[in-house]
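One letter stands for each residue in the lines below.
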Amino acid sequence: MNKLIYIKDTNSGHKQEARDFAASLINKLREYQLEKEVRVVHVADIGVYNCGLALRILPNDYLYKNVSFADVARIVEKSLIKGERIEELASDRPSKQLRIVLRNCGAIDPENIEEYIAVGGYQALALALEKGPDYVIEEMKTSGLRGRGGAGFFTWMKWNISRAVEAERKYIICNGDEGDPGAYMDRSVLEGDPHSVIEGMLIGGFTAGATKGFFYIRAEYPLAIARIQKAIDLAYEYGLLGKDILGSGFSFDAEVRLGAGAFVCGEETALIASIEGKRGYPRPRPPYPSVKGLWGRPTIINNVETLANVPYVLYHGGKRFASIGTGTSKGTKVFALTGKVTNSGLIEVPMGISIREIVFEIGGGVLNDKKIKAVQTGGPSGGIIPAQFFETGVDYENLQKLGSIMGSGGMIVMDEDDCVVDIAKFFLGFCVDESCGKCSPCRIGSTQMLHILEKISTGRGIKEDLTTLRTIAHAMQKASLCGLGQTAANPVLSTLRYFEEEYLMHIEKRICPSGKCKAMVNYIIDQEVCKRCNLCMRRCPVGAIVGDKERGFIILKDKCIKCGECFEVCKFGTINRH
Amino acid sequence: MKISGKAHLEGLQASFKEKQPRDWIKVGYGTCGIAAGADVVFASLIEELQKRNLDIPVFKCGCAGMCYAEPLVEVNVEGVPRVFYGMVTREIVHRIVEEHVSRHRLLDDHIYDLVMRTD
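In the order they appear, the protein sequences are chains A and B. With this note's numbering, the residue at position 327 of the first sequence is 327, and numbering never jumps. With this note's numbering, the residue at position 62 of the second sequence is 62, and numbering never jumps.
These are computed hints drawn from the structure, not numbers from a lab. Where is the CB? At the ideal position from N, CA and C, for every residue including glycine. Accuracy of the hints is not assured; some may be wrong.
Stated by the list, open to error - Facing chain B, a subset of chain A residues (Cβ under 7 Å, in silico):
no.	residue
1	L98
2	R99
3	S188
4	G249
5	F250
6	G317
7	G318
8	L346
Let's have the full structure, built from the sequences with the hints guiding it.
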């Protein structure tokens, strides 16, 4: 018979409950003398969350949720012996993720071109070379692929614009700068499947008439740089880069250029300046890079994830790609799901999936069973989406309507212990550091907004500050030279839109409800409850707790650095925090 | 070797596919994996397999997405279902080779049983 049962307690993860159930199951199997035929294996993760004890029976592939001890008999009799599915317990095995961009990541050795070829690699290129640029544009148009760097511009349109310009030389650049804090999708694709990006770039270059490509990768990604360089070298060896590729007459060269630590160089005109050897200052547009870019020539700039989608579109056809996603946002999106979520990592989902499914069904819910507050998407250009909007399907338009953006794919989960003022301050501080300084709205506006947020988070804010914040934000949006300045105020505007009461609590009551803004948190020992065990005094890193066992202990307010160690270590709940 | 054209490429795909071994082990070797200790895991796997004269190739692969469970090791040995082991340490490597590979017994508490749907 030889069956396998995977078992996991998907709630608390307490092994005891699962172990007791397994023992009960094995006992029942012994009654039928089946203990040698069926193996019970405890797994670390079974793919479903917060549904009690879950089982998966193989080879039948039955997934059962909320199983109780009362079910043991019928599981053995019906499912194991008769092979029948118990409908009341059964559930579909969730497969919310759909890996297109990440199709080869984790499956092939990224440093071995043979493995990429074995899974059909470079055949999309062969097809494109055979059918010609018109065919490629048609397929890309049908697919509806939009730029995955965040702007969401139609890729076929960008290629077509460059294609139409008469020029002796054209370029295509892969934007691997990935500056958003918490986003690492592009890094993983470059490290895990570099050839897919090269193939995408070749197809784009061929279609638009570009003969030289650049991989602009931030210097903070040494492994990605090494892997892409190795892939380029191998591609040259196999004749997939260089002269007369696959006998088509098309020649293309590629090289890697490194970023040097500037977030602004993810913006296309600053990136171009950087490759030209200049300081990363953006330029006014028009002219757009597709028409006049690198060294004044037509230049296509595509994000890593966009390019990784291209071979799939050509190989399987634009129609198949367009069958995934929503009306306006086709295909999938890779998200870096991080923050207070149980399963943090890279996920790839079809456009249109709800935020709730992402956080609770793929992400496994909030860490430590805390209450969910919101998710932050789009990094420093993005916004916050509170829990009440979690049924929203993720796509470009929906997120914009809610005051955020898709961005490059960072999705940070926030719980009740996260403060919205603090997170707005973090992202604004990031923009202040990264601002190139060329235009006043961004350079001065972001700094002034940061000062106001610092005032608010240290209990010195006034009501008028909120109006000032909004005024400066709108000025920055209207008058900044590039996307960095235009969007730097988004986290502030978005948190003000949905969590104004929290700002007002900081201002009017001088309280931070989540306890994050340290300056406004006070730690006090409750003398009536205190057991005088001395644990907190020993734990305090700055000696701010004084006293002795007879007279008791107190926390000296001016020495206290609000680290919270005493609060964490006290076993009697003596220390109050407010 | 320069690939001359589409037909040559297709021929190579077929021959490279054939070359793939029946039994194999893959270790997640992206930055997330390495940061979690994949280099130790990889080296231990090779050592343990060599000790027992087991001729199973060990490959490096990219990030499979389950960054919270790194280091990740995927094991495919005939006679046992293909599984992902997560949070792998040197001790777990020893048990993987000893129990899963040699005795065809799956390990408790380390399997990540998730669907990876690729279109």
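Verification of the hints:
1. For A:L98, the shortest C-beta to C-beta distance to chain B is roughly 6 Å, which falls under 7 Å, so the interface hint holds.
2. Contact between A:R99 and chain B, as hinted, is supported at the beta carbon level, the nearest pair being about 5 Å apart and thus within 7 Å.
3. A least Cβ separation of about 4 Å between A:S188 and chain B falls short of the 7 Å threshold, and the interface hint therefore holds.
4. Because the smallest distance between the Cβ of A:G249 and any Cβ of chain B comes to about 11 Å, over 7 Å, the interface hint for this residue is violated.
5. The beta carbon of A:F250 is not positioned within 7 Å of any beta carbon in chain B (closest approach about 12 Å), and the interface hint is therefore violated.
6. A least Cβ separation of about 12 Å between A:G317 and chain B goes past the 7 Å threshold, and the interface hint is therefore violated.
7. At about 14 Å, the closest approach between the beta carbon of A:G318 and any beta carbon in chain B exceeds 7 Å, and the interface hint on this residue is violated.
8. Annotation: interface hint on A:L346 holds; nearest CB of chain B at approximately 4 Å, less than 7 Å.
Taken one by one, the earlier hints fail for this structure at numbers 4, 5, 6, 7, listed in ascending order.
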